[in-house]
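A.B. asks: As a plain string of letters, each chain reads:
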Amino acid sequence: MNLILPLLAVSKNADFLNSIGKIYVVVIVIMVLFAGIITFLFRLDQKITQLENQIKNDE
Amino acid sequence: MNIKKHWWKLLGVVIVGYTLVAGLIVPLKPGVIGVSHKNANAGDSLRMEVVGYNTHFEKGKEDLKLWLKGDTTFFIKGQDVAIFDDNTLEVTFVIPAMLPFDQSVVELSLLIQNGIDGPFILPSAIFVTHSPDSVRVHTDEWVEKIDLEIGSSVMAFPFRNILKETIRNTYFHVPLWFTMIFILLGSVFNAIKYLRTGITIYDEKSSAYATIGLLFGILGLLTGAVWAKNTWGAYWSFDIKQNMTAIALLIYFAYFVLRGSLEESAQKGKVSAVYNIFAFATLIPLLYIIPRLTDSLHPGSGGNPAFGGEDLDNTMRMVFYPAIIGWTLLAYWMGNLLYRWQTVKNKILFQ
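If you're matching them up, the sequences are chains A and B in order.
Per our numbering, the first sequence runs over residues 1400 to 1458.
Per our numbering, the second sequence runs over residues 905 to 1255.
Derived from the structure by calculation, the hints contain no laboratory data.
Note that the structure is a prediction, hence the values are computed from the model and not measured.
Backbone N, C-alpha and C fix where the C-beta goes; we use that ideal spot for every residue, glycine too.
Some hints here could point you the wrong way.
Sample of chain B residues at the chain A side, in silico, Cβ under 8 Å [what the hints assert, rightly or not]:
#  : residue
1  : Leu932
2  : Tyr957
3  : Lys1068
4  : Glu1069
5  : Asn1073
6  : Phe1076
7  : Leu1126
8  : Thr1127
9  : Ile1193
10 : Trp1245
11 : Val1248
12 : Lys1249
13 : Asn1250
14 : Ile1252
Taking lysine to aspartate or glutamate and the EDC-like style, the derived pairs with C-alpha atoms no more than 20 Å apart in a straight line are [claimed, not checked]:
#  : chain 1 : residue 1 : chain 2 : residue 2
15 : B       : Lys965    : B       : Asp990
16 : B       : Lys942    : B       : Glu994
17 : B       : Lys913    : A       : Asp1457
18 : B       : Lys942    : B       : Glu962
19 : B       : Lys913    : A       : Glu1451
20 : B       : Lys963    : B       : Asp948
21 : B       : Lys1251   : A       : Glu1458
22 : B       : Lys963    : B       : Glu994
23 : B       : Lys1251   : A       : Asp1444
24 : B       : Lys969    : B       : Asp1051
25 : B       : Lys973    : B       : Asp984
26 : B       : Lys1249   : A       : Asp1457
27 : B       : Lys981    : B       : Glu1048
28 : B       : Lys1249   : B       : Glu1168
29 : B       : Lys965    : B       : Asp1051
30 : B       : Lys1049   : B       : Glu1011
31 : B       : Lys913    : A       : Glu1458
32 : B       : Lys973    : B       : Asp1006
33 : B       : Lys1251   : A       : Glu1451
34 : B       : Lys1249   : A       : Glu1458
35 : A       : Lys1446   : A       : Glu1458
36 : A       : Lys1446   : A       : Asp1457
37 : B       : Lys965    : B       : Asp948
38 : B       : Lys1249   : B       : Asp1199
39 : B       : Lys1049   : B       : Asp975
40 : B       : Lys1249   : A       : Asp1444
Bound-form chain A, shown alone (with noise of 0.2 Å):
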């Protein structure tokens, strides 16, 4: 019992990423990726408004 300490210190004192088999670098890439997609839409968005102005300012 006395070899387990060390072993179980380390992963007690191991950062958060670092937890659970490492499943939160997964989440945090899948919010990146998805970051990308929604920034994307957003400005795509942003581009569709403008044009909708236009239409409004020329009638």
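Chain B: place on chain A using the hints.
C.D. replies: Okay, now just chain B, sitting in the frame of chain A:
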């Protein structure tokens, strides 16, 4: 909405949804996170602490066996196993004074087997120092042959000691690069079409697809940086593949600078179409040839990507290939939205 016209968009969404669910809920195979000893001398009697991951030491304790494995005929059997819980145990290995190996330091792997988990291994678990002049004589201290049983076959992804759960990033990082190359191929295809016909639509499609290709390239770099930080220790390791990809993306940045700097429509279309062809032509050596010629942290360093073995097994393929198709469909959709916006904008401007 006419479903016959939009089916591929729905397909893309369904496939990406499937890869998110399957990529996250399928468990990892059992593996060993670490052992308490890294080094030993021949003749030692080791009391070793073993910490497993997704293992069932407690539940499968009836037929639990442990060995230190040298080659296919050298196994030291573990004795006096004390199980603390499903993931931790202690075991004693009596290392023989004479080891049948020529090297002075012998690398032994830890092999564990029980009825639930099947056999699994921690490669290079321990390094044993001995005097290599010993001759190979069979003693009872090591077994020549062991029988491996297959565990209960649940669908699971491979356990890699460095990667652990981040092996799932194979479905969220790697497909972005495939998507990028497919959408840029679409871009260069439309650039060639524009050069042949001179129809503005093709130029706008080409530019829109290049934008989406660049977006996926940037996302690939960012997701890769996050993965690299937690696997290789740094966001950017100046790995050959990272560097070449950065150069490739800069070449595509220049494409947009070039487009922005040209005023006249026909000139803009022609110059950027020609540049697009050259940019795509440089992409191939930068991404697929140069990284294979030298050492890389990426799988398949100095050779072909390791799209096999424990980097991509058949279970992973069931998620990985659909992810490429799904993201490519979504990227094509995004490119078409951008191109349609550009066409509408041109209509309004020239009225």
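A.B. asks: Each hint should be assessed against the structure and marked as holding or not.
C.D. replies: Going through the hints against the structure:
About 7 Å separates the beta-carbon of leucine 932 of chain B from the nearest beta-carbon of chain A, less than 8 Å, and the hint is met. Taking 8 Å as the C-beta cut-off, the interface hint given for tyrosine 957 of chain B holds, the closest approach to chain A being about 6 Å. With a cut of 8 Å, the hint placing lysine 1068 of chain B at the interface with chain A holds, because the nearest CB-to-CB distance is about 4 Å. Hint on glutamate 1069 of chain B holds. Least Cβ distance to chain A is approximately 4 Å, under the 8 Å limit.
For asparagine 1073 of chain B, the suggested interface contact is upheld, since its CB lies about 5 Å from the closest CB of chain A, less than 8 Å. Here the hint on phenylalanine 1076 of chain B is kept, as its CB sits about 5 Å from the closest CB of chain A, short of 8 Å. Because the closest C-beta pair between leucine 1126 of chain B and chain A is about 5 Å apart, less than 8 Å, the hint holds. Given hint, threonine 1127 of chain B at the interface with chain A, holds; its Cβ is 5 Å from that chain's nearest Cβ, closer than 8 Å.
Hint status for isoleucine 1193 of chain B relative to chain A: violated, with the closest Cβ pair at about 27 Å, above 8 Å. Here the hint on tryptophan 1245 of chain B is kept, as its CB sits about 6 Å from the closest CB of chain A, short of 8 Å. For valine 1248 of chain B, the shortest C-beta to C-beta distance to chain A is roughly 6 Å, which falls under 8 Å, so the interface hint holds. Restraint check, lysine 1249 of chain B versus chain A: the minimum CB separation of about 6 Å is within 8 Å; hint holds.
This hint is violated: asparagine 1250 of chain B has a C-beta 11 Å from the nearest C-beta of chain A, more than the 8 Å allowed. Interface restraint check for isoleucine 1252 of chain B: the shortest CB-CB distance to chain A comes to about 6 Å, inside 8 Å, so the restraint holds. Of the supplied pair hints, the one linking lysine 965 of chain B and aspartate 990 of chain B holds, its CA atoms being roughly 9 Å apart against a limit of 20 Å. For the given pair, lysine 942 of chain B sits about 15 Å from glutamate 994 of chain B by alpha-carbon distance, which is consistent with the 20 Å threshold.
Taken as a hint, the lysine 913 of chain B and aspartate 1457 of chain A pair is broken in the structure, with Cα atoms around 34 Å apart against an allowance of 20 Å. A hinted pair counts as satisfied when its Cα atoms are at most 20 Å apart, and lysine 942 of chain B with glutamate 962 of chain B does not qualify at roughly 25 Å. Taking the CA atoms of lysine 913 of chain B and glutamate 1451 of chain A, the gap is near 25 Å; set against the 20 Å cutoff, the hint is violated. With a C-alpha separation of about 30 Å, the suggested pair lysine 963 of chain B and aspartate 948 of chain B falls outside the 20 Å cut-off, and the hint is violated.
For a cut-off of 20 Å, the pair hint linking lysine 1251 of chain B to glutamate 1458 of chain A stands: about 15 Å separates their Cα positions. Pair hint lysine 963 of chain B plus glutamate 994 of chain B holds up; C-alpha atoms about 16 Å apart against a cutoff of 20 Å. For a cut-off of 20 Å, the pair hint linking lysine 1251 of chain B to aspartate 1444 of chain A stands: about 18 Å separates their Cα positions. At roughly 11 Å between alpha-carbon atoms, lysine 969 of chain B and aspartate 1051 of chain B fall within 20 Å of each other, so this suggested pair holds.
A hinted pair counts as satisfied when its Cα atoms are at most 20 Å apart, and lysine 973 of chain B with aspartate 984 of chain B qualifies at roughly 18 Å. Between lysine 1249 of chain B and aspartate 1457 of chain A, the direct Cα distance comes to roughly 13 Å. Compliance with the 20 Å bound is thereby established for this hinted pair. With a CA separation close to 11 Å, the supplied pair lysine 981 of chain B and glutamate 1048 of chain B stays within the 20 Å bound. Pair hint lysine 1249 of chain B plus glutamate 1168 of chain B holds up; C-alpha atoms about 16 Å apart against a cutoff of 20 Å.
Only pairs whose Cα atoms come within 20 Å are accepted, and lysine 965 of chain B paired with aspartate 1051 of chain B is accepted, the gap being roughly 17 Å. Distance restraint check for lysine 1049 of chain B and glutamate 1011 of chain B: the Cα-Cα separation of roughly 18 Å lies within the 20 Å cut-off, and the hinted pair is therefore satisfied. With a CA separation close to 34 Å, the supplied pair lysine 913 of chain B and glutamate 1458 of chain A exceeds the 20 Å bound. Proposed proximity of lysine 973 of chain B and aspartate 1006 of chain B is supported: the alpha carbons are some 16 Å apart, at most 20 Å.
Between the alpha carbons of lysine 1251 of chain B and glutamate 1451 of chain A the distance comes to roughly 13 Å, so the proposed pair stays at or under 20 Å and holds. For the hint pairing lysine 1249 of chain B with glutamate 1458 of chain A, the CA-to-CA distance comes to about 16 Å; that is within 20 Å, so the pair holds. With a CA separation close to 19 Å, the supplied pair lysine 1446 of chain A and glutamate 1458 of chain A stays within the 20 Å bound. Between lysine 1446 of chain A and aspartate 1457 of chain A, the direct Cα distance comes to roughly 17 Å. Compliance with the 20 Å bound is thereby established for this hinted pair.
A C-alpha spacing of about 26 Å is found between lysine 965 of chain B and aspartate 948 of chain B, which places the hinted pair above 20 Å, so the restraint is violated. The hinted pair formed by lysine 1249 of chain B and aspartate 1199 of chain B fails the criterion: a straight-line CA distance of about 48 Å is larger than 20 Å. Between lysine 1049 of chain B and aspartate 975 of chain B, the direct Cα distance comes to roughly 10 Å. Compliance with the 20 Å bound is thereby established for this hinted pair. The straight-line distance between the Cα atoms of lysine 1249 of chain B and aspartate 1444 of chain A is roughly 13 Å, inside the 20 Å bound, and the hint therefore holds.
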